[in-house]
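*Asks:* Could you slot chains U, C and Y onto chain E? The hints should help.
Chains as they are written, first to last, in this note's numbering: chain E, -19 to 349; chain U, -19 to 349; chain C, -19 to 349; chain Y, -19 to 349.
I should point out that these hints are in silico values taken from the structure, not numbers from a laboratory. Treat the hints loosely; a few may be bogus.
The list makes no distinction among identical chains, and a pair is therefore deemed to hold if it is satisfied within one copy or across any two copies.
Only pairs whose alpha carbons sit at most 20 Å apart, straight line, appear in this in silico DMTMM-like list of lysine to aspartate or glutamate [unchecked claim]: (1) K79 / E179; (2) K287 / E246; (3) K178 / D80; (4) K154 / D26; (5) K79 / D171; (6) K79 / E168; (7) K235 / E144.
Protein chains: 4
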Amino acid sequence: MSGNTFGKSFTVTTFGESHGPALGCIVDGCPPGLELTVEDLQGELDRRRPGTSRHTTQRQEPDTVRILSGVFEGKTTGTPIGLLIENVDQKSKDYGKIKDQFRPAHADYTYQHKYGIRDHRGGGRSSARETAMRVAAGAIARKYLQERLGIRIFGGLTALGPIEIQPVDWEAAKTNPFFCPDPSRLQELEDYMDALRKEGNSIGARITVIAEGVPPGLGEPVFDRLDADLAHGLMSINAVKGVEIGAGFASVGQKGTEHRDEMSPEGFRSNQAGGVLGGISSGQPIIASIALKPTSSLRLPGQSIDKEGNACEVITTGRHDPCVGIRATPIAEAMLALVLMDHWLRHRAQNADVVPGTPDIGRGSTWRP
Amino acid sequence: MSGNTFGKSFTVTTFGESHGPALGCIVDGCPPGLELTVEDLQGELDRRRPGTSRHTTQRQEPDTVRILSGVFEGKTTGTPIGLLIENVDQKSKDYGKIKDQFRPAHADYTYQHKYGIRDHRGGGRSSARETAMRVAAGAIARKYLQERLGIRIFGGLTALGPIEIQPVDWEAAKTNPFFCPDPSRLQELEDYMDALRKEGNSIGARITVIAEGVPPGLGEPVFDRLDADLAHGLMSINAVKGVEIGAGFASVGQKGTEHRDEMSPEGFRSNQAGGVLGGISSGQPIIASIALKPTSSLRLPGQSIDKEGNACEVITTGRHDPCVGIRATPIAEAMLALVLMDHWLRHRAQNADVVPGTPDIGRGSTWRP
Amino acid sequence: MSGNTFGKSFTVTTFGESHGPALGCIVDGCPPGLELTVEDLQGELDRRRPGTSRHTTQRQEPDTVRILSGVFEGKTTGTPIGLLIENVDQKSKDYGKIKDQFRPAHADYTYQHKYGIRDHRGGGRSSARETAMRVAAGAIARKYLQERLGIRIFGGLTALGPIEIQPVDWEAAKTNPFFCPDPSRLQELEDYMDALRKEGNSIGARITVIAEGVPPGLGEPVFDRLDADLAHGLMSINAVKGVEIGAGFASVGQKGTEHRDEMSPEGFRSNQAGGVLGGISSGQPIIASIALKPTSSLRLPGQSIDKEGNACEVITTGRHDPCVGIRATPIAEAMLALVLMDHWLRHRAQNADVVPGTPDIGRGSTWRP
Amino acid sequence: MSGNTFGKSFTVTTFGESHGPALGCIVDGCPPGLELTVEDLQGELDRRRPGTSRHTTQRQEPDTVRILSGVFEGKTTGTPIGLLIENVDQKSKDYGKIKDQFRPAHADYTYQHKYGIRDHRGGGRSSARETAMRVAAGAIARKYLQERLGIRIFGGLTALGPIEIQPVDWEAAKTNPFFCPDPSRLQELEDYMDALRKEGNSIGARITVIAEGVPPGLGEPVFDRLDADLAHGLMSINAVKGVEIGAGFASVGQKGTEHRDEMSPEGFRSNQAGGVLGGISSGQPIIASIALKPTSSLRLPGQSIDKEGNACEVITTGRHDPCVGIRATPIAEAMLALVLMDHWLRHRAQNADVVPGTPDIGRGSTWRP
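With the rest of the complex left out, here is chain E (with noise of 0.2 Å):
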């Protein structure tokens, strides 16, 4: 009923608040035998950390983990994972009006409604802050995927607003901090950013993230189909309000002949589906996009309603991304892990007596964009 694991096979189960003493999760059916050390998470978390360029948060938390069981000898035994990170700059501001007010597009308002109390302290549980331990658990499903089944995942942004970005190179991703796919379109992006910040306002974003090399056969119809699982992982990060698998919306306009991916001996010829069929992986490129609204928290002042129900405006101070898109690859990528992760593990469950030998014709294929 509690909303605070994810996966059913492969299971994370998060706790923690923005300006708490820590945030941390709890990572349950990792397979024994996996080499493992905090090295491997801490890479993932130093991606999604605030502060490594001036266009997000300038809070500045060194997301420390430790893990605190379920490796021994530098390998994973099979039992719980435990993960914590403390938070350090909490910073002991006066919350005081925030507290009383709903935030317009914030969590303020719903939250008290659900739970008639709420940690108001930078958005209690509501804050991003919580997708820390998402990237960490994220980190241990990546590498068991890359080094037992050769899978590799990568994404990045492919639109900032109205700037739309056309993959060129995903290796170049990795070491921008826009994680654009596109080096030529860095200083526009910059460009853009420093136009927003100076006018206090903020801005949507889409991101893309893939896995090659997924083996085909993951999807559980008929309700836990790979995509539907990924829509519900990717649509659980926060800010996301829409997510596409392969030609996604743009399928509404095409024919079946466009949208069909024909097969052939040597391939399949197209991947509009996104390698997904009928609810399983198909071997080829599993692709997703996601929307991300822009952030809610701006010195722009808001018209909103207090406690009592009085009208108030709200100006949103502090420190905050003025783009959530460009922190959110490395948990998109994550939460694309986990799911995976958890599909190989129920896959098989099921099926790991299936003999294989049907042709296998869309394990080595590449994405295209």
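*Replies:* Only chains U, C and Y this time, still in chain E's reference frame:
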């Protein structure tokens, strides 16, 4: 692990293949005391039923449903509700070729990989025929939500291929075979479909569904947010490739000042959020849209491979919907009902003690285009 | 939330009331490729069926089961298996009094409290008739376990009231109506039951079930230990009031040197543990015993209250088992099969990568009294 | 799949090894608004803590717990509660032999089979040290049940080896180190334990736990009956080999007229059922007993094998409880609290609409020996 159950508190588990003896489901967790008759279910099933116009498959299935348990003297008893629909129009045609070929963009290839065996007749388990049980189960949820909470669920076609439809009359969507919320566009739709059928091709569509009167507080952060579970449910419908909540992908291009729904004592000033903030319902209408791909069953030949990996050409004759989106509205409405019902029960499990007191500014609001 | 599903990887969801139109279940997660016919299920159902001797209820139910999905050309396909048994012998007798009275030690009172409504006919959902579906589903698990893993499941009556039975021949338990593993005691059992029936009373019983050939490694500590899930499954059978694994309550009086099963290269030297160490199967036979209370449906009058809280006297006429334990062996075996099957799938989900190498000293061992 | 979560609505997920850096858990689903401090948890932890008498292990662990999330300004917020206990007394002794040997009746052998790797230090994950987190989590449930529903949970030792104890004073059980509900037997217990320790042996025990004031209606038939979930929870405690509800195994020898609890307007006339009818609480006290096996860690040598399958002799030195049953009362109480809490939430999810009206004759009743 097994993926044929939807929901956690109000669960639906379905079974059945397109050409097997029957389809069925078990609805578990329904509150006792709800008046329920077969007619309540049959009405919704008839909306989804094929053969109501020349624009859908000509397979004739009365979809007559039986209630086998969980209802006593006209009321639900709190015990599981077993539902059954016998298949009557499975044509005993020759499936020879289809048996050994993989139809492009169908689940043939992936089911074969996953299970090593598949019921090829009419797509077997991967057929959209399975959604009949979702509609039947959804009708129970819908009745409860309407009677006990005053929630109204409706929806319709908002795009068919290149034809964009601005909803002007959701009531009208209930009375035309396209579920089109603008009756002035019906002739255009008919003409488009007639031309398409002549061409032998198929087309994608977009469906929008709405729930009005949803109380604030539904949704379980951080993973089982209302929008995340809705994305899960909607993406699990056959042919769906994208899901949007509220502004959806339009939010990529929005600034914070555009997207954030300001609040006043009289209500929210807009509904870009689609009724969900921080994964919890705000009391505003829930608005979700889905993209449905064009049917892959075409009489225009497509290139593929057979089970041995040899190239082959596939032509799909038989009875198929040229636009699966046309009949998808009742299915999407059913999934929305199931998600809301499940979350209502989950919410009150944890929060039945909460003393109301927060101003409820969203509840009375109705859908605005 | 809803409690009508058993298992996590291999799940069984049942529905149906004693006097409703039908009983049914959905088995989800069955591996594909298992040969399965109606006869496989019917054989087990016939063992549980009433009316096979004068010592059980005289209700005549053929319990004819239909497979509605999930099996194609004689093999499971990996999709959910729908099973259905129509009720045929619901007597349309006058339930007038029972309708408004709470029979002592029955679920009438608690169902009324919980749901505010109940199907009083024959106990409704609380009738042991529901266990027919467990036996049907268990037969699928059993077949898989036998064919793929060589696991043999059997059991029988080890006490009927004051009559203690030392198992000497488990094969014999399969061929007598008491499921008694010592054929020399049959006359004694018959005489006891004849006297009891004349008296109008009922009696408790103990059943012991065993699984031989279980591989080491099944069970998921710390909460879903094999013995804990077995206790869950066995305690969920109607009338069960106690569950023991191995030495069970005898271990209260044992010293460590008596209880600990010493090991040698040739095998374990005893099996006080009942085949489970730390919640994980050891390879030795799994041994579990259950206590079943005497039937509460008696023609000897009992004091009770009616729905208005008035005192009343209840006499239960009609058709009832004077010792529900007699027919419980196939049910307990079915639950054991379901638990093992579920844990086999769960185990291999996480641990399919584990390289064998640990000496397997328990596997070949057989049950020792 | 993973087995480290207990409960469905009120869930507890634990992590941690005996000699790792820390133990922890996440409690998810706790209703908001409950006053909660570290002291509420610490009090229960201190009851379970070793070293309070010479009859338990001499390992010194303060078991100081921290609340890391889910509590704000002294009240629960409805978000997940993270708890942490750092291990402080892990002796860095030489584990050389134990590392390669399988201690008889321990989980060494089965963990090695299951995972192919194990943390051998102090039993790793299979150590009863894990139960500290159950006690901490149970304290939260207990507080809610007591404050909101008036449920009182208590228990004690009802047998230690050959010494049978008739409970005469449950309050006394709270104040002596044996949790013995008959203070006149304390000297006898001390003497028995002193002799046992001298002998180098260990002994089994029986614990009985009771919940008074439980409202009627808790339990989810047919599989998640209250007694079935209680059996699951209790059997998942280390060393437990049997679970009884009410009359338990004594019901094997009972006649129907003895076992059935007759009812009158003034109340139930007995409580053979142990407060559960048809898997649902009746309002009478819930009574459950468990059998705990003798500790297997003995300084008396035992025969075993090593990882290569060679015969060896095992002597367990170190710090161990000669009777694990002595400290088991707080653990069993915690599991009872967790089960009741979970079922309270599950019950009201489905049945919050039910209009009361059925006479409640059991609620006021207290435990009777």
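*Asks:* A separate judgement is required for each hint: does it hold in the structure or not?
*Replies:* Each hint, compared with the structure:
1. K79 / E179: neither (26 Å within a copy, 62 Å between copies)
2. K287 / E246: between (63 Å within a copy, 14 Å between copies)
3. K178 / D80: This pair counts as neither: shortest intra-copy Cα distance 28 Å, inter-copy 63 Å.
4. K154 / D26: within (12 Å within a copy, 50 Å between copies)
5. K79 / D171: neither (35 Å within a copy, 57 Å between copies)
6. K79 / E168: neither (38 Å within a copy, 54 Å between copies)
7. K235 / E144: Cα proximity of K235 and E144: across copies only (15 Å, versus 25 Å in one copy).
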